[in-house]
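Chains as they are written, first to last, in the numbering used here: chain A, 1 to 556; chain B, 1 to 167.
Calculated directly from the structure, the hints in this document are not laboratory data.
Treat the hints with caution; some may be incorrect.
To be verified - Straight-line C-alpha distance at most 27 angstroms; calculated DSSO-like pairs for lysine-lysine:
#1 B:Lys100 to A:Lys30
#2 A:Lys165 to B:Lys50
#3 A:Lys332 to A:Lys317
#4 A:Lys165 to A:Lys500
#5 B:Lys143 to B:Lys50
#6 A:Lys247 to B:Lys85
#7 B:Lys28 to A:Lys165
#8 A:Lys97 to A:Lys107
#9 A:Lys276 to A:Lys165
#10 B:Lys85 to A:Lys30
#11 A:Lys97 to A:Lys30
#12 A:Lys107 to A:Lys30
#13 A:Lys332 to A:Lys398
#14 A:Lys249 to B:Lys85
#15 A:Lys395 to A:Lys331
#16 B:Lys143 to A:Lys107
#17 B:Lys50 to B:Lys28
#18 A:Lys500 to A:Lys257
#19 A:Lys317 to A:Lys345
#20 A:Lys545 to A:Lys478
#21 A:Lys395 to A:Lys317
#22 A:Lys276 to B:Lys50
#23 A:Lys257 to A:Lys276
Claimed, not checked - Output of the computed footprint for chain A on chain B, the stretches with three or more beta carbons under 8 angstroms from beta carbons of chain A:
#24 111-120
#25 138-151
Just so it is clear, the structure is predicted and the values come from calculations on it, not from any experiment.
We put the beta carbon where it would ideally sit given N, CA and C, even for glycine.
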Amino acid sequence: MYVYDDLDQRIINERVAQFQDQMNRYLDGKIPEEEFLPLRLQNGIYVQRYAPMLRIAVPYGMLNSQQLRKMAEIARDYDRGYAHFSTRQNLQYNWPKLEECPEILAKLATVQMHAVQTSGNCIRNTTTDEYAGVIAEELVDPRPYCEIIRQWSTFHPEFAFLPRKFKIAVNAVEGADRAATRMHDVGIQIIRNEAGELGYRVYAGGGLGRTPILSSVVREFLPEEDLLTYLDAIIRVYNQFGRRDNKYKARIKILVKALGVERFSELVEAEWAHSKDGDGQLPSEELERVKSHFTEPAYLALEADSATYTDALASDKAFARWVERNVRAHKKPGYAIATFALKQKGTAPGDVTDSQIFAFADLADKYSFGEARSTHQQNLVLADVEQSKLYELWKEAKALGLATPNLGLLTDMICCPGGDFCALANAKSLPIAEALQNEFDDLDYLHDLGNLDLNISGCMNACGHHHIGNIGILGVDKKGEEFYQVSLGGASGEDATVGKILGPSFARDRMVEIIRILLDVFVAQRIEGETFIETFRRVGMDPFKAAAYPAKVTAK
Amino acid sequence: MTQIILDQQIANDDWTLVTDDAALTSAKEVINFSRWASAEDAEKEALIAKRDLGTLGIQLNAGDTADLLADDSQGFALINVEFPKFADGRGYSAAHLLRKRYGFTGQLRSVGDVLFDQLFFMMRCGFNAMAMRADQDLDLCVKGFETFTTSYQGDVNDARPLFRRRS
């Protein structure tokens, strides 16, 4: 992964000093609350319901074991012994003291980590495929491009006060949108043109939130060296013409929709024409420099599916089940990608304790070249594990409570922190997640249901991505009471779809029953081998509606 | 006399922003962009003559983008860019474009809700003057240009991104 040189380190150190100074002036009463707000946001600090929340950037989800240990140390020393992985692959602390945040950031800087632009109306952490670099399907490794974007977006002087937050995602697998790029303000699809040259298809104007919209193509092919000048052009257009009068209409998706993508593209192209041949163009030396940080680790020449591995699969059913759900094929023979679901019964999705993080760092060192990844489904990954060591790894992970074989299943749900922590939320989301985990804890049943994305957001801001869950749950406020609106048919990936609302919302104590009813409809309607989303697409909303609102049907 | 930050030092301000109906004198005066845009015939000629004497400045207010002024910018001795609120970042793009696209070389000044923590960004986008909000400490402000000793992006002062400056 990318390793800072002196200049990268200097920039991060100077950032810590700057924020320490800002914090001092704030605590001295020299910066009013309102003016401190964007300063703390751009350093990752939200003030939540009970305490500040500090969001640490995990650029494109990559972590090394040293960084994991530092994160665990901070969870232990500054928080209440745990931390939370978010849907942007970042890590959040829920209980730091405001005045201690600069100190925490100084500690993170010693392991090349930061909280730069993890919040606020600026360019946020760039995300990509959590399996980047280790799957055979990808055209190239997308991470160097993410790192190039990270550097360009860090303290960009022109774009620190955009109309609204701005999120970029990069995907390098054609035919599978592995980074939800269509749901981002800008999506970069790495492609080759007919001449075989590397470049990008550029999308803009996607987003979830109050008005979910899939992005549109702004440019079919952008040459590799033009990445940053083109991003400059897009954001310069947005910075000048995006709406600033209403924060719910301020995302770039609203501008693209209002202008139409053709007109928006014309403006971007006209802007870009002025800068495309300037110094902002990426020289091949820079591309090579950054790419050289993402070379392969020292893989051994191994045979695939060794006897040690296949014997373990045959002899231990629980292991085999975990492998079936949580282990994915690696591009190198004899290696595997293992995902550890942070979705244990009794803990909030994405939560990990300091001792789990410490132990996971050891597993990374022992089994995966000292590197790990966080995922937008709020899980952790070891990407380079020898197949023949998977059994041993699984046993260790199991002892840590990190080997639930539920990846992609109902209980591998995405959930925001909701009203228990977040000041924006209309309703709590964690109790719903917990109730569902408790109710649906029969693994045979879960495996029988198969792949099913259930996503929960506590409000319209959609941090829990409810729009793109096969089953989406959205917390709403009804005259001061917490209700939940259910949507069906959402999907991420290449066939990304925004879900449709089932009907009137439900009280919290009915949610388990309603989900049970919906699952029963699916089981009754499905044809052999169908997943929930496939059945839904075939039979439509009606049977689900009829089962969820029986009285209404009778009334007709 | 009001003080501003000019070329990273405290300086006296010898310009005055005048209302749209004020009669112009021979002093250094700044008019709103809308007055310039709507002036016709003799009035426009008078403005151009004053501009060419170096005593007319112009102010882009919230929502006035740099392309509206475009090449007309070049003759002015001063362009103000208004920040209606510190969180409104349109002025950064306006400054960048005035300097880089339209070749403006005169005094480029941020006015309005201009605060210490914006100075480093403003300097990089091409502002060489800042009319700080009244409550800002000017002695502190002159130190607002040293926050970072290097930056990743190219900017108006040095177009080369860090990747063209790494040895």
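Comparing the hints with the structure gives:
For a cut-off of 27 angstroms, the pair hint linking Lys100 of chain B to Lys30 of chain A is broken: about 35 angstroms separates their Cα positions. Using a Cα cut-off of 27 angstroms, the hinted pair Lys165 of chain A and Lys50 of chain B is violated, with the two alpha carbons roughly 43 angstroms apart. As the CA atoms of Lys332 of chain A and Lys317 of chain A are separated by approximately 25 angstroms, the hinted pair is consistent with the 27 angstroms bound. With a C-alpha separation of about 25 angstroms, the suggested pairing of Lys165 of chain A with Lys500 of chain A holds against the 27 angstroms cut-off.
Distance check on the hinted pair: Lys143 of chain B and Lys50 of chain B sit about 35 angstroms apart at the alpha-carbon level, beyond 27 angstroms; violated. Between the alpha carbons of Lys247 of chain A and Lys85 of chain B the distance comes to roughly 15 angstroms, so the proposed pair stays at or under 27 angstroms and holds. With a C-alpha separation of about 40 angstroms, the suggested pair Lys28 of chain B and Lys165 of chain A falls outside the 27 angstroms cut-off, and the hint is violated. For the suggested pair Lys97 of chain A and Lys107 of chain A, the alpha carbons sit about 15 angstroms apart, so the restraint of at most 27 angstroms is met.
For the given pair, Lys276 of chain A sits about 25 angstroms from Lys165 of chain A by alpha-carbon distance, which is consistent with the 27 angstroms threshold. In summary, the hint linking Lys85 of chain B to Lys30 of chain A is supported, as the alpha carbons are separated by about 18 angstroms, within the 27 angstroms threshold. Between Lys97 of chain A and Lys30 of chain A the alpha-carbon distance is near 20 angstroms, which keeps this suggested pair within the 27 angstroms criterion. Between Lys107 of chain A and Lys30 of chain A the alpha-carbon distance is near 26 angstroms, which keeps this suggested pair within the 27 angstroms criterion.
Pair hint Lys332 of chain A plus Lys398 of chain A holds up; C-alpha atoms about 25 angstroms apart against a cutoff of 27 angstroms. Note on Lys249 of chain A and Lys85 of chain B: the hinted pairing holds, with a Cα-Cα distance of about 18 angstroms set against a maximum of 27 angstroms. The straight-line distance between the Cα atoms of Lys395 of chain A and Lys331 of chain A is roughly 24 angstroms, inside the 27 angstroms bound, and the hint therefore holds. Between Lys143 of chain B and Lys107 of chain A the alpha-carbon distance is near 26 angstroms, which keeps this suggested pair within the 27 angstroms criterion.
For the hint pairing Lys50 of chain B with Lys28 of chain B, the CA-to-CA distance comes to about 9 angstroms; that is within 27 angstroms, so the pair holds. Among the hinted pairs, Lys500 of chain A with Lys257 of chain A is consistent with the structure: their alpha-carbon atoms are about 20 angstroms apart, no more than 27 angstroms. A C-alpha spacing of about 21 angstroms is found between Lys317 of chain A and Lys345 of chain A, which places the hinted pair at or below 27 angstroms, so the restraint holds. Distance restraint check for Lys545 of chain A and Lys478 of chain A: the Cα-Cα separation of roughly 21 angstroms lies within the 27 angstroms cut-off, and the hinted pair is therefore satisfied.
At most 27 angstroms may separate the alpha-carbon atoms for a hinted pair to count; Lys395 of chain A and Lys317 of chain A meet this at roughly 13 angstroms. Restraint check: the Cα-Cα separation between Lys276 of chain A and Lys50 of chain B comes to about 37 angstroms, which exceeds 27 angstroms; the hinted pair is violated. Distance check on the hinted pair: Lys257 of chain A and Lys276 of chain A sit about 25 angstroms apart at the alpha-carbon level, within 27 angstroms; holds. Coverage of a stretch by a chain is defined here by at least three residues with a beta carbon nearer than 8 angstroms to that chain's beta carbons; for the segment 111-120 of chain B and chain A the count is 3, and the condition holds.
Under a criterion of three residues with beta carbons nearer than 8 angstroms to beta carbons of chain A, the stated coverage of the segment 138-151 of chain B is upheld, 5 such residues being counted.
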